[in-house]
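Engineer: Sequences listed follow chains A and B, in order. Counting in my numbering, the first sequence runs from 1 upward without gaps. Counting in my numbering, the second sequence runs from 1 upward without gaps.
Keep in mind that a hint or two might mislead.
Claimed, not checked - Selected chain A positions facing chain B (Cβ under 8 Å, derived; list incomplete):
| id | residue |
| --- | --- |
| 1 | ILE120 |
| 2 | GLY121 |
| 3 | ARG258 |
| 4 | ASN259 |
| 5 | GLU391 |
| 6 | PHE394 |
| 7 | TYR395 |
| 8 | SER398 |
| 9 | LEU409 |
| 10 | ALA413 |
| 11 | ASN416 |
| 12 | GLU417 |
| 13 | GLN421 |
| 14 | ARG425 |
| 15 | ALA426 |
To be verified - Within a straight-line C-alpha distance of at most 20 Å, the following computed DMTMM-like cross-link-like pairs (lysine to aspartate or glutamate) qualify:
| id | chain 1 | residue 1 | chain 2 | residue 2 |
| --- | --- | --- | --- | --- |
| 16 | B | LYS112 | A | GLU172 |
| 17 | A | LYS423 | A | GLU172 |
| 18 | B | LYS155 | A | GLU403 |
| 19 | B | LYS69 | B | GLU126 |
Since the hints were derived computationally from the structure, they do not count as laboratory data. If you're wondering where the values come from, they're calculated on a predicted model, not measured in any experiment. Every residue, glycine too, gets a C-beta built ideally from N, C-alpha and C.
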Amino acid sequence: MNMATVEQQLDHYQALYQRRAGQLTGGQQNWFSAVRQAAWVRFEQEGWPTTQHEQWRFTRLQDLAAIPFQLAVEQPQQPLDQSRLRSTLSDSAVLRVVVVNGRLHADASTLDRLPRGLRIGSLGAALQSSDPVVQAHLHHYLGRFPSPLAQLNTALFEDGVFIHLAAGQVIEQPIQIIYCQQGAKQPLLIQPRTLVVLEANSQLRLMEHFVGTSETVYLNNVVTEVVVADLAVLDYYRLVQENEAAYQLSTLGLHQGRNSTITATLLNLGGRLVRNDLSATLAGEGADCVLNGLTVLHNRQHTDHHLWVEHTQPHCHSWEYFKGVYDDHAHGVFAGCIHVYPGAQKTDAKQTNMNLLLSDQALVDSKPQLEIFADDVKCTHGATIGQIDPEALFYLRSRGLSEVQARHLLVFAFANEILQQMKWRAVAVLVERELVQRLQAPELAGVEM
Amino acid sequence: MSNPLLEIRDLHARVEGHEILKGINLTIHSGEVHSIMGPNGSGKSTLAQVLAGRETYEVTAGEVWMEGKNLLELDPEERACVGLFLAFQYPVEIPGVSTQYFLKAAVNAVRKYRGQDELDAVDFLERIKEKLALVDMDERFLNRALNEGFSGGEKKRNEVFQMAVLEPRLAVLDETDSGLDIDALRIVADGVNRLRGADRAFLVITHYQRLLNYIVPDFVHVLIDGRIVRSGGKELALELEQHGYANYEAGVGV
Ligand SMILES: Nc1ncnc2c1ncn2[C@@H]1O[C@H](COP(=O)(O)OP(=O)(O)O)[C@@H](O)[C@H]1O
Ligand SMILES: [Mg+2]
Numbered sequence: 001m002n003m004a005t006v007e008q009q010l011d012h013y014q015a016l017y018q019r020r021a022g023q024l025t026g027g028q029q030n031w032f033s034a035v036r037q038a039a040w041v042r043f044e045q046e047g048w049p050t051t052q053h054e055q056w057r058f059t060r061l062q063d064l065a066a067i068p069f070q071l072a073v074e075q076p077q078q079p080l081d082q083s084r085l086r087s088t089l090s091d092s093a094v095l096r097v098v099v100v101n102g103r104l105h106a107d108a109s110t111l112d113r114l115p116r117g118l119r120i121g122s123l124g125a126a127l128q129s130s131d132p133v134v135q136a137h138l139h140h141y142l143g144r145f146p147s148p149l150a151q152l153n154t155a156l157f158e159d160g161v162f163i164h165l166a167a168g169q170v171i172e173q174p175i176q177i178i179y180c181q182q183g184a185k186q187p188l189l190i191q192p193r194t195l196v197v198l199e200a201n202s203q204l205r206l207m208e209h210f211v212g213t214s215e216t217v218y219l220n221n222v223v224t225e226v227v228v229a230d231l232a233v234l235d236y237y238r239l240v241q242e243n244e245a246a247y248q249l250s251t252l253g254l255h256q257g258r259n260s261t262i263t264a265t266l267l268n269l270g271g272r273l274v275r276n277d278l279s280a281t282l283a284g285e286g287a288d289c290v291l292n293g294l295t296v297l298h299n300r301q302h303t304d305h306h307l308w309v310e311h312t313q314p315h316c317h318s319w320e321y322f323k324g325v326y327d328d329h330a331h332g333v334f335a336g337c338i339h340v341y342p343g344a345q346k347t348d349a350k351q352t353n354m355n356l357l358l359s360d361q362a363l364v365d366s367k368p369q370l371e372i373f374a375d376d377v378k379c380t381h382g383a384t385i386g387q388i389d390p391e392a393l394f395y396l397r398s399r400g401l402s403e404v405q406a407r408h409l410l411v412f413a414f415a416n417e418i419l420q421q422m423k424w425r426a427v428a429v430l431v432e433r434e435l436v437q438r439l440q441a442p443e444l445a446g447v448e449m
Numbered sequence: 001m002s003n004p005l006l007e008i009r010d011l012h013a014r015v016e017g018h019e020i021l022k023g024i025n026l027t028i029h030s031g032e033v034h035s036i037m038g039p040n041g042s043g044k045s046t047l048a049q050v051l052a053g054r055e056t057y058e059v060t061a062g063e064v065w066m067e068g069k070n071l072l073e074l075d076p077e078e079r080a081c082v083g084l085f086l087a088f089q090y091p092v093e094i095p096g097v098s099t100q101y102f103l104k105a106a107v108n109a110v111r112k113y114r115g116q117d118e119l120d121a122v123d124f125l126e127r128i129k130e131k132l133a134l135v136d137m138d139e140r141f142l143n144r145a146l147n148e149g150f151s152g153g154e155k156k157r158n159e160v161f162q163m164a165v166l167e168p169r170l171a172v173l174d175e176t177d178s179g180l181d182i183d184a185l186r187i188v189a190d191g192v193n194r195l196r197g198a199d200r201a202f203l204v205i206t207h208y209q210r211l212l213n214y215i216v217p218d219f220v221h222v223l224i225d226g227r228i229v230r231s232g233g234k235e236l237a238l239e240l241e242q243h244g245y246a247n248y249e250a251g252v253g254v
């Protein structure tokens, strides 16, 4: 692309920034304002990523960057039509947090009787009141190479969710954060920012659920930072169901202390384009990080997972297992790097990416990578791209299943490996239902395998 | 005599340009057990797979009729619905699909074809419990992923179990005995014997005579290089056991 358009695109964001900078949450004299300004400068310097950048080779943002998005936070907040949230979990105990257009929607959330030791609230409010936990953690976990989009979020976000769990607390009730949109007539730029802090020895189950509730184009520019301190345990889920005209660019930063455990399941039914920059830092001895992923796309959907898992301390274990199913003209990108620091001995890291192509036009680019600077480690990676196994198809058909039914079953089986490992069964049931719809396989309803 | 259950006439088939079946003729009536014996590579599995409708094999000539239907014109699933069952020599492992879900889908597909109501989970479970006992398996087995991580013996027992559940008119067993120890062989053979009956027939494909001590056939056919070179009664199996296939193979191509 030529420089003129790059500059025009920046012009648009500069105008947004100038209009907004004076009124940002936290004010201009707040401890955070210098961070915001620095982030803005980085964004201006780097601009929108192009396919010239190695990290963005397979994902074109040019079309996106040309859309004149308006800041969603400038939209008036209205009562939420909850029937549009395709998000009901059969799990009645859920603590629900609803974020509309990037702002916490208190009325739609169930935050009145929180268990002891658990704080859930507006990140904007916590920033405003200079909450010490927020001050200690916010913007520290964006990964080693924060994307320009993460900088844009830092510069301009207004709100999102702040979750703080005190040391030693074990919370039985799972938390579901729902991110949705409303009232948009023009394309919106939505920038939710979420910070989750688990203090030592605490335990939590959390889901971030992105639901497209508007039909118009929007850009969800998401940043979520998660800190799990020594011995703490987080069971994390993310389900992405943006509308099929929408864009999601997200940064998910995970930071782990000694002997902590994160089990993350990243479920992605896409949008128009979904890019996820996930970084996990195993910063304490004995930390354990499991990242399971399932992407199921159709039409012209595009998804790009960039994973960066870094082992800075010895005796840590990381496991990445990402599966993708691509139909029609869908395009999947998987790039994962395991980076082992000098001294991070006895690292045990494995990365697997398996892809199933359901059409001749579907495409996958898979790029696993190891960067190892310690000598006593066990690190492996592998990737496969394939079609439905004709032998398996024949086996099922020879028992009476129709070809269509057999295909559905095999695709579901491929995906089901991820669902089976999910401890929060209500989420598995929800995803199963969505998959049955996505695969147009009503006969699989209630399959429970 | 009644109409045949299966009639194969001058069947020729090839794979990747090589002719494997070179004119098979075989007639099977309800209630009969036929055995096909032959050395490795003679085309036994090819015949089994062609009967079941595997597309890899190209039928170049001949006909196959089953109960008045032109079998070669049917999709694999239609053949199953008509009552054909193939116990695979190498059953396929399918992670992520439980044996129970798979079998229920299969049973209901066949019932639907026959205009019967679909079974719900409870009815289905009721019906298959006794069949599990037939092959000496317990219920936990139903929740395991289909053939995944099964031992050779478990896979073969699973094939016989599926056969028992699907109640075919004609069961083709492709080397169901290979890789089995003597105990597993007995279990599999007992299962098959208990399914024998006047309205069912079996085509037992084997490399060794051993299985036929347990499943005693009415007819034995010797398949060499894509042709049935000799047919006879069960004593033919014993003869093969003693003299091997060498006599027949020497005659090939003459
Ligand atoms: N899918 C295939 N592709 C290529 N050759 C095949 C294939 N299947 C069978 N063959 C060949 O056909 C011949 C007969 O094989 P098969 O029917 O499996 O014999 P059997 O079951 O009697 O051992 C062999 O020479 C084998 O190599
Ligand atoms: Mg064979």
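Engineer: Each hint: holds or not?
Structural biologist: Verification of the supplied hints:
Interface hint status for ILE120(A): violated, as the beta-carbon distance to the closest one in chain B is roughly 36 Å, over 8 Å. Residue-level restraint check for GLY121(A) is violated (minimum Cβ-Cβ distance to chain B is 40 Å; threshold 8 Å). At about 35 Å, the closest approach between the beta carbon of ARG258(A) and any beta carbon in chain B exceeds 8 Å, and the interface hint on this residue is violated. Restraint check, ASN259(A) versus chain B: the minimum CB separation of about 32 Å is more than 8 Å; hint violated.
Because the smallest distance between the Cβ of GLU391(A) and any Cβ of chain B comes to about 5 Å, under 8 Å, the interface hint for this residue holds. Interface hint status for PHE394(A): upheld, as the beta-carbon distance to the closest one in chain B is roughly 6 Å, under 8 Å. With 8 Å as the threshold, the beta carbon of TYR395(A) comes within range of chain B, its nearest partner Cβ sitting at about 4 Å, so the hint holds. Taking 8 Å as the C-beta cut-off, the interface hint given for SER398(A) holds, the closest approach to chain B being about 5 Å.
With a cut of 8 Å, the hint placing LEU409(A) at the interface with chain B holds, because the nearest CB-to-CB distance is about 6 Å. Annotation: interface hint on ALA413(A) holds; nearest CB of chain B at approximately 3 Å, less than 8 Å. Here the hint on ASN416(A) is kept, as its CB sits about 4 Å from the closest CB of chain B, short of 8 Å. Below 8 Å, beta-carbon pairs count as interface contacts, and GLU417(A) has one with chain B at about 5 Å; its hint therefore holds.
Evaluation of the GLN421(A) hint against chain B yields a violated restraint, the C-beta minimum of about 11 Å exceeding 8 Å. For ARG425(A), the interface hint is violated, since its Cβ never comes within 8 Å of a Cβ in chain B; the closest pair sits about 15 Å apart. For the restraint placing ALA426(A) at the interface with chain B, the shortest Cβ-Cβ distance is roughly 20 Å, beyond the 8 Å limit, so the hint is violated. Pair hint LYS112(B) plus GLU172(A) does not hold up; C-alpha atoms about 45 Å apart against a cutoff of 20 Å.
A C-alpha spacing of about 13 Å is found between LYS423(A) and GLU172(A), which places the hinted pair at or below 20 Å, so the restraint holds. The suggested pairing of LYS155(B) with GLU403(A) is violated, with an alpha-carbon distance near 23 Å, which exceeds 20 Å. With a CA separation close to 32 Å, the supplied pair LYS69(B) and GLU126(B) exceeds the 20 Å bound.
Violated hints, listed in ascending order, are 1, 2, 3, 4, 13, 14, 15, 16, 18, 19; each of the other numbered hints is respected by the structure.
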